[in-house]
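Novice: One letter stands for each residue in the lines below.
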Amino acid sequence: NAGVTQTPKFRVLKTGQSMTLLCAQDMNHEYMYWYRQDPGMGLRLIHYSVGEGTTAKGEVPDGYNVSRLKKQNFLLGLESAAPSQTSVYFCASSYWEGRGAEAFFGQGTRLTVV
Amino acid sequence: GESVGLHLPTLSVQEGDNSIINCAYSNSASDYFIWYKQESGKGPQFIIDIRSNMDKRQGQRVTVLLNKTVKHLSLQIAATQPGDSAVYFCAEVAGNNRKLIWGLGTSLAVNP
Numbered sequence: 005n006a007g008v009t010q011t012p013k014f015r016v017l018k019t020g021q022s023m024t025l026l027c028a029q030d031m032n033h034e035y036m037y038w039y040r041q042d043p044g045m046g047l048r049l050i051h052y053s054v055g056e057g058t059t060a061k062g063e064v065p066d067g068y069n070v071s072r073l074k075k076q077n078f079l080l081g082l083e084s085a086a087p088s089q090t091s092v093y094f095c096a097s098s099y100w101e102g103r104g105a106e107a108f109f110g111q112g113t114r115l116t117v118v
Numbered sequence: 003g004e005s006v007g008l009h010l011p012t013l014s015v016q017e018g019d020n021s022i023i024n025c026a027y028s029n030s031a032s033d034y035f036i037w038y039k040q041e042s043g044k045g046p047q048f049i050i051d052i053r054s055n056m057d058k059r060q061g062q063r064v065t066v067l068l069n070k071t072v073k074h075l076s077l078q079i080a081a082t083q084p085g086d087s088a089v090y091f092c093a094e095v096a097g098n099n100r101k102l103i104w105g106l107g108t109s110l111a112v113n114p
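From first to last, the protein sequence lines stand for chains Z and L.
Going letter by letter, the first sequence gives residues 5 to 118 in the working numbering.
Going letter by letter, the second sequence gives residues 3 to 114 in the working numbering.
Don't read these hints as lab results, they were simulated from the structure.
The model shown is predicted, which means the values in this text are computed figures rather than measured ones.
Hints are supplied without guarantee of correctness; some may be wrong.
Unchecked claim - Here are the simulated DSS-like pairs of lysine-lysine, each with C-alpha atoms no more than 25 Å apart in a straight line:
| id | chain 1 | residue 1 | chain 2 | residue 2 |
| --- | --- | --- | --- | --- |
| 1 | Z | Lys61 | L | Lys70 |
| 2 | Z | Lys74 | Z | Lys61 |
| 3 | L | Lys101 | L | Lys73 |
| 4 | L | Lys58 | L | Lys70 |
| 5 | L | Lys101 | L | Lys58 |
| 6 | L | Lys101 | L | Lys70 |
| 7 | Z | Lys75 | L | Lys70 |
| 8 | Z | Lys13 | L | Lys44 |
| 9 | Z | Lys18 | Z | Lys75 |
| 10 | L | Lys101 | Z | Lys74 |
| 11 | L | Lys101 | L | Lys44 |
| 12 | L | Lys44 | L | Lys58 |
Turn these sequences into a full structure, and let the hints guide you.
Specialist: Right, dumping it as structure tokens:
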């Protein structure tokens with residue numbers, strides 16, 4: 005049971021480049037999330053999804069887009085990377101209500117934008 | 003530009019001592035609370051949760067206490083071990099969308 009898998013684990017981008025981060029979960033979870041974590045700070049929610057085909061904005065959505073075409077996958081896109089997007093990105097998934105709300109996290113993607 | 007991050011609160015304890023990590027939550031409507039542990043270079047990992055109809059819940063070596071009157075949550079770790087060194091986050095859940103609201107975290111350092 006792999007849990008939540010993120011790819012890639014590390015990436016360096018030049019300003020203005022685009023990329024897609026992939027998150028895959030094999031737990032049949034309905035909810036999936038993308039967070040960013042900056043040094044000395046907690047996690048901030050970028051976007052989330054409550055089910056296949058749905059997405060919603062979190063607290064810091066600007067500069068990012070997401071898609072949930074399949075239940076097990078949640079993609080995070082950066083159309084034009086900026087140095088302010090240098091961060092560690094975590095994907096998570098969870099059940100909701102009645103099955104526990106604890107989220108399972110991937111190992112993170114460390115992104116540097118130069 | 004260079005971002006300026008906040009410095010995490012740090013708790014330093016001796017191996018074998020008990021640790022208490024505190025968290026103040028923001029929303030009086032929150033009805034579910036979770037503690038996560040994040041080791042260096044890894045994603046957060048679920049430790050224990052508690053619903054608002056309880057004031058205490060125990061797990062293996064960990065206890066969570068909830069005081070709804072002052073909106074305070076604490077995580078107690080018994081007989082702290084070097085492997086407990088990590089950043090600990092509390093999170094609250096409220097509202098119809100049931101999103102997690104994260105605290106800033108506390109860094110726990112265990113001295114041998």
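Novice: Hint by hint, say whether it matches the structure.
Specialist: Verification of the supplied hints:
Simply put, lysine 61(Z) and lysine 70(L) have alpha-carbon atoms about 29 Å apart, too far for the 25 Å limit, and the pair is violated. For the suggested pair lysine 74(Z) and lysine 61(Z), the alpha carbons sit about 18 Å apart, so the restraint of at most 25 Å is met. At roughly 18 Å between alpha-carbon atoms, lysine 101(L) and lysine 73(L) fall within 25 Å of each other, so this suggested pair holds. For the suggested pair lysine 58(L) and lysine 70(L), the alpha carbons sit about 11 Å apart, so the restraint of at most 25 Å is met.
Taken as a hint, the lysine 101(L) and lysine 58(L) pair is honoured in the structure, with Cα atoms around 23 Å apart against an allowance of 25 Å. Only pairs whose Cα atoms come within 25 Å are accepted, and lysine 101(L) paired with lysine 70(L) is accepted, the gap being roughly 19 Å. A distance of roughly 36 Å separates the Cα atoms of lysine 75(Z) and lysine 70(L); the hinted pair therefore is violated under the 25 Å criterion. Between the alpha carbons of lysine 13(Z) and lysine 44(L) the distance comes to roughly 11 Å, so the proposed pair stays at or under 25 Å and holds.
A C-alpha spacing of about 31 Å is found between lysine 18(Z) and lysine 75(Z), which places the hinted pair above 25 Å, so the restraint is violated. Between lysine 101(L) and lysine 74(Z), the direct Cα distance comes to roughly 21 Å. Compliance with the 25 Å bound is thereby established for this hinted pair. Only pairs whose Cα atoms come within 25 Å are accepted, and lysine 101(L) paired with lysine 44(L) is accepted, the gap being roughly 22 Å. Straight-line distance between C-alpha atoms of lysine 44(L) and lysine 58(L) comes to about 28 Å, which puts the hinted pair past the 25 Å bound.
Violated hints for the displayed structure, listed by number in ascending order: 1, 7, 9 and 12.
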